[in-house]
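So the sequence lines, in the order shown, correspond to chains A and B.
My numbering numbers the first residue of the first sequence as 1 and each following residue consecutively.
My numbering numbers the first residue of the second sequence as 396 and each following residue consecutively.
Simulated from the structure, these hints should not be mistaken for laboratory data.
Glycine included, each C-beta is placed from N, C-alpha and C at the ideal position.
Treat each hint with caution, since some may be false.
The following label-pair restraints were derived from C-beta to C-beta distances [what the hints assert, rightly or not]: (1) H496(B) - G226(A): 38 to 44 Å; (2) N407(B) - G329(A): 37 to 43 Å; (3) I258(A) - E492(B): 44 to 50 Å; (4) L331(A) - A406(B): 36 to 42 Å.
List time: in silico BS3-like cross-link candidates among lysine-lysine, alpha-carbon distance up to 30 Å [stated by the list, open to error]: (5) K373(A) - K447(B); (6) K373(A) - K470(B); (7) K427(B) - K283(A); (8) K91(A) - K112(A); (9) K427(B) - K373(A); (10) K283(A) - K44(A).
With the C-beta cut set under 10 Å, the calculated list includes, among others, these residues of chain A facing chain B [said to hold, decoys possible]: (11) D123; (12) F303; (13) S312; (14) E345; (15) G349.
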Amino acid sequence: MRHIYLDHSATTPVDQEVAAIMMTYYTEKYGNPSSVHGFGREAKQGLEEARRQVAALIGATPQEVIFTSGGTESDNLAILGTAQAMRKKGKHLITSAIEHHAVLETCEYLEKNGFELTVIPVDSEGIVSVEDVRKAIRPDTILISVMHANNEVGAIQPIAEIGQLARELGITFHVDAVQSLGKIPINVKEMNIDLLTVSAHKIYGPKGVGALYIRKGVRIVPLVHGGSQERKRRSGTENTPGIIGFGKACELIGKRMIEDEELQTKLRDKLMNGILERIEYVKVNGPLGEKRLPNNVNVSIRFVEGESLLLSLDMLGIAASSGSACTSGSLDPSHVLLAMGLVHEIAHGSLRFSLGRQNTAEEINYVLEQLPKIVDRLRMMSPLYDQVINVKLAQ
Amino acid sequence: MYTEKVMDHFANPRNVGELENPDGVGEVGNAKCGDIMRIYLDIKGDVIQDVKFKTFGCGAAVATSSMVTEMVKGKTIDEAMVISNAAVAEALGGLPETKMHCSNLAADALHAAIENYHDKQTKKE
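Bound-form chain B, shown alone (with noise of 0.2 Å):
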């Protein structure tokens, strides 16, 4: 069902557990579909410094999560903003049909860290 990549990011995960003082966090998914991401930024200047993820779901799930971390790290945030879930997908040598749509948001959790950190970019000014 999966492939080795996959497997391999399921039972060796990157950059798993929290940032103290993250500059965004972001969080897709909810408890009742099955899937939930959190991903943790530091961020200086315009690079992602560090990051980290907590995920509750699948092995798709976890798996998406860890690469996405690992694509993202030391990246500048404008790259960070173009990762896509299906670019995750195909890092990970491909998903399983079904998987592609249900557990495939870690892309959107890093998104919507970007975005947390935008937020509070601007309430600081």
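The shape of chain A in the complex, shown without the other chains (with noise of 0.2 Å):
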């Protein structure tokens, strides 16, 4: 059977460079890089070349950049750090529908804890509006969380602009980078950007390693005590394989991203435009051309369910991922898609594709024909497609 997968947007295969990097952290430079002797120290040499590779893919400077177990809580530290170093200042928070849950939870624990919470909407193609942010900001405004690009449908939001408004009002900005980071251009001094957070997984890195930006000069409270490792934002010992992973997937990518940003973008172009074309009742989640994540292509299959799309796809060894109820565990679909405005039915028809290195046009080609074929089976089984057989035949 054939295995094509078209899930990168949830995880990554780790690049067989970083795999082998990682090894020799493993079982040869093994020390802990907090000891005096000579083991400790070649371990502590290897994470500080790490932290230099992920500064530089993001423009700041290695002293910024801490290191944790992920894009989860680097989410957690950047927002439950800066409400409880600013909480003197104002309760008062704002972010978007369209986080991802790390932050909405996180907001949410807050609200329940004596602040205040704010969320802007989105547009229809998922994207926030400078103009709401800065209507929302009140005197006692101490965070602003909004994602670089929608891990849902690939929207890009306008980071640089909320920056300039967020560093001109003094109001700390949080920014979650996990699905651009190595897709699209960040410099974090650019785009005003106080804390950023970014994970290696998404990007041909191991699971469970991640990192916050923290400009320097930003205050933040840690979540995690006990030593003094990351200058005391975060203690523990170091995961010294998963940073320096992180670090090697990061100056990989650094170096192949505009011909990945290329290549993907041709290849998620042929695959939407030839599921338009292919399918009838098909709409796209979320803007198009350059607004949009080079990988990603989301769009809504009326008349059928997301989940039984990826059972059917899955049978073909394609790999894919849904924002419909079934497959969320919960008995709403997507936040994102709701908050675009799509209607139920409409969000629980929905699939996502989102590419990665190792696709081929002759896998996209692949999918082109077999797509089509489930959709006409499950739409045979659907009692919401009668309504259009029998229009049909009425005609």
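Taking the hints as your guide, dock the two standalone chains into a single complex.
In structure tokens:
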């Protein structure tokens, strides 16, 4: 059976070079970076090199990069850490309706604990308006958190403009860049970003490691206490192999970003347009062209349900994801699609393909060949498609 | 996540379609919650002669619909009324915890179809 992986926004395979260098830090350079002896020093050296590599990819200085266990922890640290540090200054937080749960739920937790939250809506393409952010700001606003690019529909947000606004008003600005790192350029200085969340396993690095960029001078209260690692911002013996892997992954993707972007944009558009051509009653979710991540395709296919689509694709060895309720484990479909104004039934029929480095035009052709048959079979079973057939027969 | 039996019923669903002049039709669920199941029945005497289904929903929704039609064909109305959602799930070798409630409405759709049949009978009299 074929194996066509089109779920790179969920996770990516670890690059061979990354895996190789990680292994040496498991079996050869295994010292504790905090140790005085040579074993520790060489591990520490690798650690600091990785820090430089991550910093270089986002335009930061190494001292401003803190390693964590991943994007979720970085989001928690950024938001809870800022709230704690600034609570005497104010208690108002602003975020967007399309954030990842790691941001939204952390904000909601704070809302239940003495803070106030404003959630900025998005337009039908899934994009936040800078004007809406401006209008939401109050004298006691201490944090604005808006993601760089959305994981479900690939919508790229106006981060630089929001950053400028936040900087003018002295409000801490956090950006979850987990999906955008390595795909589109990030420069924290130019974009006026105070806190930036990134993760390794979306860029062909290992799972279980991420980082938080903390601009020099920005105060946060740590979540994890007990050591002096990471400038006391995040205690605990460092996950050296993971961090080394992260650094290497950043170095590699930095070199390949432009090439990746070109190739993936072509395949993305081939897949998206191919689906629109071959299947009726389909719409694209999210913006087109440059406002969209190069690797993201998200469509809603009417009259059929998302999990059924995924199971059918899986039976052919094709991996994708969906925003339907059944795939989220809750009773509601994707909050992102609902925020964009999709009605439930259209959100339930959503399908996301996220491309990666190893995907080929041939794989896309195969998907385009098989998907219409899958949709036909499910529509034949669907009571919702009846109306369409009846209308056609009447004509 | 799903048993082999569930996947079999999903990949090869039994009794998909409609009946031209059904003696009873039952529908449960709604597009908003992500599941709709519709069951058509042909009843002669007291026996369910033929049954068809249409379903919009996830793997569990399709499989439970298919299974319930298999369980009910040739049975009497009384026997059909006794079939429960739990029984359908058991016949499939079980369903994941999260799927037990939201998608396992097939027996409900069957009972709704039988009720519809009774309503039609009452109207005739």
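Q. So which of the earlier hints does this model not fit?
A. 2, 4, 6, 10 and 11
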